[in-house]
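Q: Spelled out from the first residue to the last, the chains are:
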Amino acid sequence: MTTASPAVPATGATATKRWRRWLPTPKLIITVGVAGAIGYLALVPLYYLIWGTFFDAKGFSLGGFGRAYGDERVGELIANSLWFAIGAAALSLVVGTALAYLNVRTDVPFKALFFAASIIPLIIPGILYTIAWIFLASPEIGLINKVLEPIFGPGLFDVFTVRGMIWVEGLHLSPIVFLLMVATFRSMDPSLEESALMCGASRWQVFRKITVPLTRPAIVAAVLIMTVRSLESFEVPALLGLQNGIYVFTSRIYFVLRTYPPDLAAAGSLASGLLVIAMVGVAISNIVSRSGKSFQTVTGKGFRPRAMELGRWRPVMGSAIVVYFFLTVVAPLLVLLYTSLLRFYQPPSVAAFKSMSLENYRQLVHLSQAATALKNSLFLGVATATLVMAAMAIAAWIVVRSRIPGRQLVDQFAFVPLVIPGLVLGLALSFVYLRSPVPIYGTIFILLIAYCTRYMPYGMRYAVTSMHQIASELEESAQVSGASWWQTFRRVLLPLLAPGLLAGWIYILVVSFRELSSSILLYSPGNEVLSILIFEQYENGQFTVLSALGVVMVLTLVVLVTVGYKLGAKVGLRQD
Amino acid sequence: MKTATALRALVAGIALTLAVSACGGSPTANNQNTTGGGPTAAEKVYTEIAGLSGKQRRDKLVELAEKEGTLDLYTSMTSDVADVVSGAFMDAFKVDVNVYRAGSETVLQRILQEQGARFHGNDVVETNATELFALNKEGMLAKYEGERRNMVPEAGRFDGWTATRFNLFAPSWNTKAVPAGQQPKSWEELTDPKWDGKLSMEVADYDWYLTLYGYWKKQGKSDADIDKLFADMAKGAKIVKGHTVQGELLSAGQFSVVASNYSYIVERAKLKGAPVDYLPFVQPVIARPNGLGLMKTAKHPAAAMLFADWLLEEGQKLLAKEGLTPAIVEGNDPLKGVQIIPVDVKALLEQGGEWSKRYEKVVSGGEQVADK
Chain A
1 MTTASPAVPA TGATATKRWR RWLPTPKLII TVGVAGAIGY LALVPLYYLI WGTFFDAKGF
61 SLGGFGRAYG DERVGELIAN SLWFAIGAAA LSLVVGTALA YLNVRTDVPF KALFFAASII
121 PLIIPGILYT IAWIFLASPE IGLINKVLEP IFGPGLFDVF TVRGMIWVEG LHLSPIVFLL
181 MVATFRSMDP SLEESALMCG ASRWQVFRKI TVPLTRPAIV AAVLIMTVRS LESFEVPALL
241 GLQNGIYVFT SRIYFVLRTY PPDLAAAGSL ASGLLVIAMV GVAISNIVSR SGKSFQTVTG
301 KGFRPRAMEL GRWRPVMGSA IVVYFFLTVV APLLVLLYTS LLRFYQPPSV AAFKSMSLEN
361 YRQLVHLSQA ATALKNSLFL GVATATLVMA AMAIAAWIVV RSRIPGRQLV DQFAFVPLVI
421 PGLVLGLALS FVYLRSPVPI YGTIFILLIA YCTRYMPYGM RYAVTSMHQI ASELEESAQV
481 SGASWWQTFR RVLLPLLAPG LLAGWIYILV VSFRELSSSI LLYSPGNEVL SILIFEQYEN
541 GQFTVLSALG VVMVLTLVVL VTVGYKLGAK VGLRQD
Chain B
577 MKTATALRAL VAGIALTLAV SACGGSPTAN NQNTTGGGPT AAEKVYTEIA GLSGKQRRDK
637 LVELAEKEGT LDLYTSMTSD VADVVSGAFM DAFKVDVNVY RAGSETVLQR ILQEQGARFH
697 GNDVVETNAT ELFALNKEGM LAKYEGERRN MVPEAGRFDG WTATRFNLFA PSWNTKAVPA
757 GQQPKSWEEL TDPKWDGKLS MEVADYDWYL TLYGYWKKQG KSDADIDKLF ADMAKGAKIV
817 KGHTVQGELL SAGQFSVVAS NYSYIVERAK LKGAPVDYLP FVQPVIARPN GLGLMKTAKH
877 PAAAMLFADW LLEEGQKLLA KEGLTPAIVE GNDPLKGVQI IPVDVKALLE QGGEWSKRYE
937 KVVSGGEQVA DK
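Chains as they are written, first to last, in this note's numbering: chain A, 1 to 576; chain B, 577 to 948.
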């Protein structure tokens with residue numbers, strides 16, 4: 001306990017007291033430990049990246065920047081990238097927020113669908129999701145286009161355009177926003193909205209003037225992550241953009257790392273550009289959220305989040321959800337299911353349906369290492385999600401609540417890994433742990449470290465956003481009642497943070513199943529993970545088997561996440 | 577007071593991290609010649625065995641390899657082939673095979689990292705030509721001699737590594753979209769405007785590009801002519817990342833013709849009944865060797881050498897059965913009468929970056945490539 005009550009000085013005990021003051025308290029150990037771990041995880045790859053960017057064999061050099069940015073079409077590249085990133089971020093923000101609001105705060109029908117709709121696009125590997133959309137909306141072979149052709153003529157939708165890219169990327173990213181906003185809305189006192197309604201404001205006015213401003217920290221966090229993620233995304237630009245010569249800025253990271261020796265300086269220069277954007281973003285988000293109390297909706301005053309009645313809008317919203325569910329989940333999943341039953345992809349026809357079999361699933365069962373990979377992925381997913389969310393809960397406290405000087409640094413460091421290309425992270429980790437006396441290289445723990453590093457930024461955003469909503473008066477009352485810092489944290493803060501932490505936990509669990517770029521460099525025989533199996537099937541050209549694997553993964557994770565969610569619903573804020 | 581302590585601890589931690597990482601020197605510099613001066617223990621084994629031949633050599637290798645008991649193989653073979661190969665090797669000898677499998681660039685990076693830290697993770701590497709060249713340049717591959725190596729055509733025998741199979745670049749087409757007889761019959765035909773919007777090119781095939789460029793140059797075409805040919809080919813072309821996606825989209829009918837896919841990818845789709853073909857070959861077929869190198873630092877040198885001998889003998893039939901093109905042809909040659917030119921691997925390694933940039937320009941919207 002840090003705020004020790006003024007003790008009456010007893011002469012005999014003074015020496016012991018002085019001695020005890022130098023004993024670290026649990027608070028000190030935990031906060032320093034977490035801050036140290038974040039610093040360590042972020043600095044290892046950052047150091048490697050910066051060294052590679054600015055130093056070559058001859059010493060300091062800025063040549064990488066020339067090679068990275070010195071393209072005659074750099075203006076076009078930047079324009080395409082920004083248009084794509086901002087578009088995808090905006091789409092995912094609107095869709096994710098709207099869905100979260102409807103789900104948590106209204107009596108909209110089909111709530112069970114939300115859960116599936118929010119998780120499944122996350123689970124489907126990016127490459128499969130993108131290819132499913134080619135099969136759906138390509139002007140040449142797209143199924144949706146074929147269906148609509150009699151009415152609108154051929155090629156109504158074209159997925160190979162910037163708009164198509166935004167559509168696919170935005171939908172694929174929207175679950176991150178959905179999870180983030182669900183947690184936020186769940187911890188929001190509806191009485192503020194109700195008072196506004198009482199005073200005669202329309203529903204739209206309430207949403208614009210009350211709801212949105214109250215959730216500003218979460219919205220800023222979502223925009224930040226989405227923009228950086230879309231700037232970095234590779235699969236969608238590679239599969240959809242290249243076909244018509246739409247180049248985005250970050251496809252260049254692929255080009256510069258492809259050659260031998262990989263041009264780390266150029267890749268680092270590109271990553272540094274992203275780093276600057278991200279740092280500015282984190283700083284802005286802190287300034288915006290700084291206005292302290294205005295976002296604290298979980299206060300000492302008791303409240304019960306209650307659902308708002310939609311009235312005549314209920315059927316409208318209900319059908320909107322069905323449409324969304326169909327577009328993001330059913331259609332791509334059906335394409336996968338359909339492909340997984342074929343010997344090779346062909347447009348639906350009588351012959352195609354006649355040739356269907358379960359052969360691909362049979363092959364899947366006989367895949368060597370399938371069981372090991374599933375086990376390893378489960379271990380890594382659960383361990384990463386738990387470790388990251390536990391540490392980030394503490395880190396969020398340091399950043400939002402403590403007055404420790406330099407606390408903003410913790411926030412910045414936790415965000416750094418988001419901009420580090422997976423391959424660079426893999427190289428940095430293998431460099432360090434090949435030389436470490438602790439035998440981590442070649443074991444599954446090096447993958448655990450890699451995953452914790454990669455997913456730290458997401459965990460941090462989820463935790464910080466929730467922390468902003470909790471008023472400090474709750475902690476203060478606990479401390480006044482004599483609880484230690486650790487007791488307060490465990491018994492007061494953690495349960496209140498639970499919705500946000502759980503959302504982050506689910507997100508990390510799901511995406512860690514997909515991590516490939518650093519896993520592939522760091523795994524060893526016996527430590528294979530599912531994403532490597534997917535990559536191998538992809539390389540083998542076994543799209544049909546890959547689709548089967550995708551279907552199985554979706555089912556596995558849906559079960560897993562449902563269990564997690566059910567367990568998680570027992571803690572934290574209760575709903576009616 | 578407390579906060580100051582916390583800050584001090586944080587700073588100390590950061591400083592420690594930096595100090596620890598700095599101890600290893602520049603993390604991104606390449607460590608050349610990690611083995612130092614004289615021959616390594618593994619190299620001594622390789623030299624000793626190199627003098628033997630026939631049954632004597634095999635018996636000796638089997639005896640030593642089974643004593644070693646393990647083989648650590650790093651490869652970029654696709655997993656289905658790697659599974660068959662490692663399984664058959666384990667059936668034939670009492671040696672456990674640990675396979676690390678990844679894309680060729682990743683295999684290279686992993687070995688460079690490990691060797692730089694004197695961590696000897698693999699005995700043998702089986703991957704693409706470019707990466708093997710790089711490893712040999714770093715001085716990590718040992719000399720491998722033997723009668724099986726001598727049977728590999730000259731275009732597949734290099735310093736430090738030996739070709740085990742070839743990837744063949746050839747145009748392929750969707751038989752529903754391109755009726756029999758309408759398919760391209762020469763590389764030049766791909767520039768025909770009738771393929772605009774129907775032809776697909778791969779975004780990273782600069783090895784194919786530089787070889788075809790060199791071939792046309794030898795045919796007496798001028799640089800300007802060749803640039804125009806490629807520009808016409810790229811005009812309206814659909815650019816795809818990845819040969820497997822390209823193969824899949826060709827089967828699905830997203831485009832009608834692919835300029836430079838690997839023949840084995842098309843062959844496999846064809847075997848499954850997909851409406852695709854690449855025969856008769858458009859000639860010359862461009863072949864890119866994939867091969868195998870023995871590590872100087874192998875912990876299991878005899879197992880490594882046994883694997884090399886075996887892959888060039890029994891293994892060749894296995895590769896052929898998996899639809900690949902083995903390096904050693906014995907008996908009936910399915911490619912008899914087909915003109916094959918190997919990828920210019922030397923140019924690939926020495927001027928790879930330059931060719932890669934030029935190809936990037938070709939595929940990015942079909943602009944005219946500037947003079948060299």
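One or more of the hints may lead you astray.
Unchecked claim - Cross-link-like lysine-lysine pairs, in silico, DSS-like; alpha carbons within 27 Å at most: (1) B/Lys-752 x A/Lys-146; (2) B/Lys-875 x B/Lys-770; (3) B/Lys-817 x B/Lys-848; (4) B/Lys-912 x A/Lys-146; (5) B/Lys-752 x A/Lys-354.
To be verified - Below, a sample of chain B positions facing chain A; criterion: calculated Cβ distance under 8 Å: (6) Gly-614; (7) Tyr-676; (8) Arg-686; (9) His-696; (10) Arg-725; (11) Leu-911; (12) Lys-912; (13) Ile-917.
None of these hints come from the bench; they were simulated from the model. Here the structure is a predicted model, which means the values were calculated and not measured. Cβ atoms here follow ideal geometry from the backbone N, Cα and C, with glycine treated the same way.
Q: Compare the structure with each hint and give your call.
A: Do the hints match the structure? See the list:
no. : hint                  : verdict
1   : B/Lys-752 x A/Lys-146 : 18 Å, holds
2   : B/Lys-875 x B/Lys-770 : 57 Å, violated
3   : B/Lys-817 x B/Lys-848 : 23 Å, holds
4   : B/Lys-912 x A/Lys-146 : 44 Å, violated
5   : B/Lys-752 x A/Lys-354 : 19 Å, holds
6   : Gly-614               : 24 Å, violated
7   : Tyr-676               : 6 Å, holds
8   : Arg-686               : 6 Å, holds
9   : His-696               : 11 Å, violated
10  : Arg-725               : 25 Å, violated
11  : Leu-911               : 21 Å, violated
12  : Lys-912               : 27 Å, violated
13  : Ile-917               : 23 Å, violated
Going down the numbered hints, you'll see the structure goes against 2, 4, 6, 9, 10, 11, 12, 13, while the others check out.
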